[in-house]
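> So the protein lines, in turn, are chains A and B. Each residue of the first sequence is one higher than the one before, counting from -12 in the working numbering. Each residue of the second sequence is one higher than the one before, counting from 39 in the working numbering.
Do not take every clue at face value.
[As the list claims (entries may be wrong)] Using 35 Å as the maximum straight-line C-alpha spacing, the simulated DSBU-like pairs for lysine-lysine come out as follows:
hint, chain 1, residue 1, chain 2, residue 2
1, B, K399, B, K557
2, B, K720, A, K83
3, A, K81, B, K658
FYI, nobody ran anything at the bench for these hints, they're computed from the structure.
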Amino acid sequence: MEILLSALTGLLYAGGVYLILRRSILKFIIGIIFLSNATNLLVFLSAGIIHGKPAFINEHEPDPNLLADPLPQALVLTAIVIGFGIVIFTLALKAKFFSATSTDDSDELINTDQ
Amino acid sequence: MLIILILYLVLAFALFLIPKNISKQTPLLIALVQLGIFAFFINYLPNIAAGHVINQSIAWIPHLELNLEFTLDGLSLIFALLISFIGFLVFVYAKTYMKSYTGTARFYFYLTLFSGSMMGLVLSSNFIQLFIFWELTSILSFLLISFFNEKEQARKAAFQSLFVTGFGGLCLFVGIILIGSIVDSYSLSVWLENADVIRSDNKYFPALVLVLLGVFTKSAQFPFHFWLLGAMQAPTPVSAYLHSATMVKAGIFLLMRLYPVLGGTIEWTYIVSVIGALTMLVGAYVAVTQIDIKLILAYTTISALGILTLLLGIDTKLSVKAALVFLFVHAFYKAALFMLAGFLTKISGTRVLYKFGGLIKHTPWGFIIAMLALLSMAGIPPMLGFIGKELIYEAKFESPWVSSLLIVLGVTANVFMVAVSFLLLFKIFWGESRMDVTSALSKYKYLLISPGILALLSLGLGLFPDLLATLIEPAISIIRGYDIQLKLKLWHGFNLILGISIITVLGGTLLFIFIYNNKGAISAWQRINNRLFSIDFTRVFSTGLEKFITFSSKNTHLIQHGYNRYYIITIIIFTSLLLSFQLYMNRGWEINSDFTLRPFYISGLVVIITLSALMSVFSKNSIFTVTAMAVTGYGISLIYLYYSAVDLAITQIIIETLMVVMFVLVLRRLPNFIKLSGRSTKIRDAVIALSFGVIMTFLALKAINVDIHPSISDYFVENSAVKAYGKNVVNVILVDFRALDTMGEVTVLVIAALGVFTLLNLKKSGK
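Build out the structure end to end from the sequences listed, making use of the hints.
Here is the structure:
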């Protein structure tokens, strides 16, 4: 399964890169979401994937080494939340930018003073 | 000695506290302090003359082995005396001179600091510290030259001087570090002890060249002399100080200071003396044809600095002695002449030599002072300048190589000096009186005090040179490393040297008479010079600088073009290359895992995610794009759920839902996508994106189960229930083991929320 999931990660990266290369600012933001999802998956995969053994301390599974690794999960959880914060802020910025300039084209941003 | 420097610093800042009604007396106060410092140093004279050296060392940055180190020996003593004494006279002079200008508080502030940093420079015996003072003098002279900052010329000249001396300063710094790396110390004493090691190291030559670049730029040696001409834009007291005892003399000081460390080699002798000789000739030759009296003096300074450099270059017993005597000679007459030039400009309103005439009737005192100073410059007895010149000739005779050539060059330069001296004296004071200066005379008569004292000193020390001998004797032993019996005499008897002196004076007089009697001579000569020396260094400098600025702005535009997507392309391409290189080098391309489609529902999920991702990327409708993106996110959360990451799945679902809501809210106000890129652009981007995706796939595969360091996960699992009383390990990590990180995360969210709130509110108010 790892190969398929790795390929999915690669696909999400490719989609993200393609989107952030668009001139449309909205597509750029969606590209960021893609990239952050892809990176979360990458970190998650790197610890190895185990089915059905969440990192809960319980009596049924006395050997803690057989549990899923909790550390990457904690990292990814933080990353999801932070990524959300960034995207929401950029989105608000984008909305404000559009109401001021009526454009979605990042090429019109090349000059700072206008 | 540190106390002296602190005194300067405190004094400079205290100037701003002086109440308005007595602020006119400020320069006198500083002058008195300078006199006090002079007295302080004079006190040490018997001690130093007896051969003692006073060292002071204060811990500064001990763990870098950097200390504040000061040394008062024969060499630093004479410079300290010159700086404080001429500083005293300059401030007395400035009181009258600067009366009519505004912003004098700023002026005295700079000038006091300048004095102080020059003093720090000559007292330093740690070279890092010396370099700091060196740069301070550069910066302060920049501020002083640009004092009339409303004049464009002054600003340009100041920038030029900062640029040239700053460049030299950097060279010097590298040179110092090179030498420091040889002996592993920046202390003068260590450098002196290991002088042989330094001279035989293979870093010696580059270090020497760099240090000399610093010295030559500071001391206005050819071809860096042009900044000193621009420095004429400074108020006259500054010019007088810069040219006589400070700034340009800093380079000479450093040459003397480093003579026992770096000097005496063939490289030193050749570079220093050739540059010195060249500067001496160019300065003296060009001086004759100038018409601005301040410029004439500036060129003679350049010539004199050339002589000093030359003397330190030719390696004879006498040359150092001659250099030290000439240092005093030049300091006295040049300060006096600049002050006189300022006085003449004040009373007549002009600096053009040929507009003056017959001033002897109006200001006989001015004439006497000018005569004494100019005779000293020409090297005519009984002035101190005569002794200086005789010594220089003698030193050149002793020179081990090409002494005859040196004599010829020296005589040529001095002939021009004599001619310039006579020309100044007679053009200004003789002939018919063409200007009415009586009204201004009484107003500015105090300007004659300082040059008067200096002229008297030139005369007095010429008649009684033994006083000077006691001063410079300890300095010679510091520079040359051995004691020397010094006899200074005005009258040497009839010998070859006197013969050469007479030839010099006669030649100069003839040249002068020729110029004086032929009105057109100067302009014709200038035309010839313009042909011969068609390089205008100032213009070369400014056009060079302009070209450089256009060049770099073009380059900057090439890299900083402002197109976001090209920045990203650059980053992605370089990241891809680096990643693939590293992957290939460390792990190779082969894949160890087996390909399987089981469990099928996960494979099916991957297909759904892939389809929705593709739809999100390529859809032309923004609602579709966002919805497809949400499907992707939900799909990923299911993957998390299947592979034991319950908390991740929950978080992802919540976040995804929130995100979709936000997007829909915003999308309401946005139009649909418009077509912005052509087909070829899309293909190019797709190729870049796909190659990056492939590399990331490999990275993901290679990253699985790589344990470079032992994981701390086991610690968390073992202690989660025991220490933190929680059974869900992921939650315990977030809120207990790494609670502070979560706190930071919450802060980020709060800030983002505040940002969103503010942005949306801005929109409402429409501002």
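> Determine for every hint whether it applies to the structure shown.
Do the hints match the structure? See the list:
1. Taking the CA atoms of B/K399 and B/K557, the gap is about 23 Å. The hint holds against a cut of 35 Å.
2. Taking the CA atoms of B/K720 and A/K83, the gap is near 28 Å; set against the 35 Å cutoff, the hint holds.
3. Using a Cα cut-off of 35 Å, the hinted pair A/K81 and B/K658 holds, with the two alpha carbons roughly 19 Å apart.
Comparing the model with each numbered hint stated earlier shows that all of them hold.
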